[in-house]
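S.K.: First to last, the sequence lines map onto chains A, B and C.
Okay, so the first sequence: first residue is 5 according to my numbering, each after it adds one.
Okay, so the second sequence: first residue is 5 according to my numbering, each after it adds one.
Okay, so the third sequence: first residue is 0 according to my numbering, each after it adds one.
Hints are computed from structural coordinates only; laboratory data are not their basis.
Certain hints may be false.
[To be verified] In silico EDC-like cross-links for lysine to aspartate or glutamate, where the CA-CA straight-line distance does not exceed 20 Å:
1. C:30 x B:146
2. C:490 x C:401
3. C:473 x C:517
4. C:60 x C:141
5. C:30 x C:170
6. C:483 x C:535
7. C:429 x C:411
8. B:134 x B:152
9. A:168 x B:152
10. C:30 x B:145
11. C:525 x C:535
12. C:640 x C:551
13. B:199 x C:116
14. B:103 x A:181
15. C:30 x B:149
16. C:135 x C:170
17. B:103 x A:241
18. C:483 x C:457
19. A:168 x B:145
20. C:30 x C:100
21. C:162 x C:175
22. B:69 x B:42
23. C:635 x C:457
24. A:168 x B:37
25. C:30 x B:152
Just so it is clear, the structure is predicted and the values come from calculations on it, not from any experiment.
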Amino acid sequence: MNFFLEVVAGGLLAGVMYALVALGFVLIYKASGVFNFAQGSMVFFAALTFVSLTEKGWNFWLALAVTLAVMIVLGMLIERIVLRPLINQPPITLLMATIGLTFVLEGLSQLAFGSQPHGLELGIPDVPIEWLSEKWNISISQFDLFAAFVAGLLVLVLAVLFQKTRIGRALRAVADDHQAALAVGIPLQHIWTIVWAVAGCVALVAGMMWGVRNGVQYALTFTALKALPVLILGGFESIAGAIVGGLIIGASEKLAEVYIGPMVGGGIESWFAYVVALLFLLVRPEGLFGEKHIDRV
Amino acid sequence: MSERAAPGEVVLSVEGVSLAFGGVKALQDVSFDVRSREVRAIIGPNGAGKSSMLNVLNGVYHPQKGKIRFKQKEFVDMDSHEAAALGIARTFQNIALFKGMTVLDNIMTGRNLKMHCNIFQQALWVGAAKREELVHRRAVEEIIDFLEIQHIRRTPVGRLPYGLQKRVELGRALAAEPELMLLDEPMAGMNLEEKQDMCRFILDVNDHFGTTLVLIEHDMGVVMDISDRVVVLDYGRKIADGNPAEIKKDQKVIDAYLGVAH
Amino acid sequence: MALDIGTLDTFPKLLLHHARVRPSRPAIREKDLGIWQTRTWLEFADEVRALACGLAGAGLKRGEHFALVSDNRPRLYAMMYAVQCLGGIPVPLYQDAVAAEMAFPIQNAEIRFAFAEDQEQVDKLLEIMPQCPTLKHIVYDDPRGLRHYRQGELAGYDDLLAKGGEALKRDPAFLEAEIARGRGSDTAAMLFTSGTTATPKGVALTHHALIDRAKVAAELEKLGDSDVVLAYLPPAWVGQFIFSLAQPLVTGYCICCPEAPETVMTDMREIGPTYYFAPPRVLEALLTQVSIRMEDASRIKRWLYRRFMAVANRAGGAILDKRPVSIIDRALYFFGDVFIYGPLRNVLGMGRVRVAYTAGEAIGPDLFRFYRSIGINLKQLYGSTETSVFVCIQPDGQVKADTAGPPVPGVELKFTPERELLIRSPGLFKEYYKNPQATSEAKDAEGWFHTGDAGYFDPDGHLKIIDRVKDVGKLSDGTLFAPKYLENKLKFFPYIKEAVCFGHDRATVCAFINMDPDAVSNWAEKRNMPYSGYTDLASRDEVYDLVRGCIEQVNSDLASEPEIANSQIHRFLILHKELDADDGELTRTRKVRRRFIGERFDALVAAMYAGKDAVHVEAQVKYEDGRSGTFSADLKIRDAKTFAPAAAKKAA
């Protein structure tokens with residue numbers, strides 16, 4: 005039983021990490037209807053920038069602030085250079101543009117900071133919490149818990165921003181109907197800039213957490229692929245969906261690895277999430293929290 | 005926003021405006037003025053250029069020729085965002101509401117330009133942002149009360165019947181506390197009772213908030229009862245301008261509506 | 000909790016009493032601009048005091064009537080109390096009445112002062128001013144749209160309040176003296192009965208009558224100052240008047256005014272009233288809403304709902320009545336309560352209701368049982384404007400779907416030989432205003448009020464009202480025949496839309512049935528029964544069997560009621576056409592015109608009593624497109640099983 009709990013807890017905490025990446029997708033998809041393929045490279049770019057700055061001997065907070073600023077500027081640039089010229093183009097064009105963006109970002113980051121992997125330390129050791137393992141014989145990483153806390157905080161801030169403020173309302177308005185938003189004097193470009201900047205910040209947080217876990221290296225861009233099943237499960241438009249989806253995927257993945265893995269010879273963790281997502285697509289294509297689309301014939 | 009114009013003073017003047025799309029002349033040398041606190045109607049048969057005119061006033065289209073002055077200031081190439089900032093709000097013929105958002109949120113977006121807290125204050129939900137939200141919420145509640153839509157406050161707009169959506173859109177325009185409100189066929193597609201309600205609300209808005217109203221309508225009937233002055237367009241030209249009684253007697257107007265060949 | 004009335008014999012004295020003993024408890028709430036605004040007893044009493052001084056300044060005299068036209072608003076109630084402070088008599092009028100209907104009360108009581116909620120009501124009053132020369136002052140609450148009105152008669156509530164406030168400061172003793180001059184025997188209010196047949200009559204009720212009845216009922220239900228009431232029915236109706244003026248004064252409970260008529264459901268959910276009243280039509284509408292929502296719900300939810308409603312039907316009422324219930328049902332009911340009934344009560348806004356009443360018209364037993372089965376303590380009561388409402392109330396544990404309960408303490412009841420109910424109670428009205436003839440007809444020398452209602456006591460001593468006395472007839476054996484009672488029982492079945500019963504001066508009862516086309520065609524579709532139209536469907540044997548089932552159920556019910564057991568329905572036919580107001584068969588309010596129908600279809604009636612199995616009809620029919628044609632067919636006549644009366648059964 006203790007082992008089961010440990011697996012579930014470990015899975016849930018890993019799920020939080022997936023959710024962090026998925027969040028960046030949701031933000032941009034909600035506001036502009038674009039599936040941002042480049043979110044993974046943004047995560048990589050953010051983590052690499054941050055780690056390079058700290059390796060140069062910068063103070064942690066200064067490096068964080070500068071990276072944050074860089075991500076915000078990056079968001080603004082993407083809006084100005086990539087999206088604005090493509091206004092009113094079909095979604096597939098925009099998707100293509102973000103794929104292009106992926107390569108640009110990857111190239112750019114390796115050009116600037118080199119391509120060797122970096123280790124990242126935030127001062128929170130990735131070791132089991134002692135009293136938990138002593139008392140209950142469950143090993144849960146201190147860092148995982150910290151990552152979950154950071155993710156929770158981020159979601160809280162985002163939720164308030166979206167639900168309770170003018171900008172959040174403007175974001176939802178833009179997501180609902182571009183034309184109507186323009187008519188009431190909501191500047192579309194302004195909102196998109198904000199969204200991309202916020203997505204950049206989320207990417208930074210995700211990049212830092214993943215960086216500590218796996219090291220800051222090119223493989224970070226693939227975290228984006230981990231987010232895909234989460235999005236399918238949770239729905240592309242819902243922040244809550246990203247969280248719940250992440251948790252479900254994380255937990256089921258770990259459980260499958262431990263309990264089903266041995267039967268098929270192991271190694272199913274890497275693809276099991278897609279199976280879950282596929283099954284889910286059959287039952288509820290709009291995702292757990294997605295908007296139900298009723299097509300009238 | 006600057007001081008409001010005194011009642012009766014000219015707030016908006018359109019001078020020799022011409023607009024063409026390619027070879028199609030939508031408006032040709034149209035001039036008229038709008039006085040503060042009046043209800044000014046622009047009517048005309050289908051394709052007369054009414055909507056184009058409204059879109060020019062709102063900065064959606066930019067005329068090739070002519071001038072528009074709003075409160076003594078001339079505007080060249082004003083865009084709709086600027087128009088909103090200057091105190092010009094509008095509604096749309098095909099209702100441009102945020103269907104997935106509640107009535108309350110929809111009307112709150114109308115106050116977007118009046119809220120000033122920056123993104124950091126908002127993200128952290130600090131005192132200033134909270135206070136600002138409450139002040140504006142109160143203003144919006146007064147509009148909800150005014151338009152008698154308390155019962156649908158929390159309903160997503162997409163679920164409301166057409167007549168109520170129109171009313172919500174009026175509410176959103178009103179939330180910006182505009183000096184000038186442009187109404188694009190506010191009564192289109194309504195049944196008689198809904199039309200009467202809408203007329204009452206339009207007159208109430210005019211009376212209670214002192215809003216100057218420009219409305220375009222295809223149907224002559226209702227407009228004549230609520231307008232102070234009427235401009236009649238036909239084939240992009242102004243063919244008459246005056247009070248409803250004069251317009252009703254005007255031979256050119258009668259011909260235009262009956263489709264007499266030119 | 001029990002309030003000693005003692006010297007507190009008028010409304011204003013009680014109001015000031017609450018301002019003293021519970022100054023900071025909520026007295027009245029109103030949802031305004033999306034927020035519930037509360038006035039405490041002290042604040043409310045202060046507003047009333049200032050307002051009263053304002054009215055005195057405007058010239059309101061003792062004993063003078065004061066008309067009020069408004070929805071439920073704190074200011075309406077403040078105005079009523081203020082009028083009473085000066086010994087004036089508030090006359091609330093129905094706020095949805097048209098202008099012409101308001102003229103009579105104002106002329107009748109020579110009213111000089113009126114209160115109007117908003118522009119709409121002001122317009123109505125201004126419209127009837129030429130017919131009402133006495134009307135000189137109109138106080139309005141909401142100034143919206145009134146800015147350009149120049150009539151000298153108009154004055155704003157706020158102005159009046161401000162002026163009154165100053166006057167109160169200058170001379171606080173004046174008002175105290177005025178309030179002290181009030182006596183329990185003074186008229187506290189005048190409510191006009193809705194005159195469906197004749198001109199309306201102003202029913203004058205004294206402070207003593209209203210306070211006494213309000214107090215007795217409150218004690219019976221153990222109401223206290225923590226109770227909450229939503230005031231959502233017209234204030235001119237005696238029930239609302241009692242619930243939102245008289246009873247708060249004897250208990251100190253808080254009344255809540257909804258934001259707008261359309262928001263009542265939402266407001267009710269937010270407020271969670273503990274004490275609730277609804278006429279059957281409101282309860283019916285609520286149930287329909289629930290049913291529609293369940294139709295749209297997912298399959299699992301629908302299944303759960305049906306399952307647990309069956310449990311509720313079996314056990315809910317008994318649990319509420321504290322009767323024994325099997326342990327399994329009790330457990331099932333517990334789960335149902337957590338997952339279905341509780342949420343359902345919350346959706347209905349009745350999550351906190353301790354006591355709910357329904358009255359006014361007969362309530363369908365299924366409808367009544369539904370509310371009780373989900374744990375809402377819905378009960379019936381009997382009363383009228385003339386009796387200050389409370390005559391009979393069903394006490395907890397003695398609730399039945401078809402009675403009004405035993406008389407409440409202080410009430411004496413008896414029946415005339417014609418079965419008319421007579422009432423003597425401290426709550427009886429003083430008089431019909433300026434109508435001594437009607438007063439003496441309704442209230443005899445010994446103080447008995449003649450209700451005009453016919454009924455009897457059931458074996459448990461509960462009052463049972465069956466019809467108006469003038470509509471009740473006799474079978475040829477001399478026993479009671481109450482056609483409307485039978486027809487109502489039939490109409491509670493979904494398949495029966497209208498019914499017309501015949502039997503006066505005859506040996507047995509026969510009935511015309513109008514099936515409900517929607518319900519019956521639904522029923523027919525479910526069993527794949529093809530039919531070509533209304534008349535075809537109405538002549539089907541299957542439908543006849545369906546209707547006969549309903550009738551036989553009614554008959555078996557009737558058999559257990561000795562007084563009317565002889566009125567069981569022996570024969571029936573299903574009419575080939577829907578009864579229609581356009582053809583004069585129904586009144587405009589959809590009541591059957593029994594005599595007219597009997598004459599029009601006399602051949603059908605005769606055939607039923609002649610024992611025939613069918614009767615030929617030929618009739619002019621008007622089609623919907625305006626054409627008319629002749630219809631001719633044979634209508635079947637069928638017998639229904641009757642049951643031996645219960646008393647006789649026992650003997651046998």
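S.K.: Look at each hint and say if it fits the structure.
M.R.: Here is what the structure says about each hint:
no.	hint	verdict
1	C:30 x B:146	holds (13 Å)
2	C:490 x C:401	holds (14 Å)
3	C:473 x C:517	violated (35 Å)
4	C:60 x C:141	violated (25 Å)
5	C:30 x C:170	violated (34 Å)
6	C:483 x C:535	violated (28 Å)
7	C:429 x C:411	holds (17 Å)
8	B:134 x B:152	violated (26 Å)
9	A:168 x B:152	violated (24 Å)
10	C:30 x B:145	holds (11 Å)
11	C:525 x C:535	holds (17 Å)
12	C:640 x C:551	holds (6 Å)
13	B:199 x C:116	violated (25 Å)
14	B:103 x A:181	holds (8 Å)
15	C:30 x B:149	holds (11 Å)
16	C:135 x C:170	violated (26 Å)
17	B:103 x A:241	holds (15 Å)
18	C:483 x C:457	holds (18 Å)
19	A:168 x B:145	holds (16 Å)
20	C:30 x C:100	violated (30 Å)
21	C:162 x C:175	holds (18 Å)
22	B:69 x B:42	violated (26 Å)
23	C:635 x C:457	violated (36 Å)
24	A:168 x B:37	violated (41 Å)
25	C:30 x B:152	holds (13 Å)
The earlier numbered hints that this structure contradicts are 3, 4, 5, 6, 8, 9, 13, 16, 20, 22, 23 and 24.
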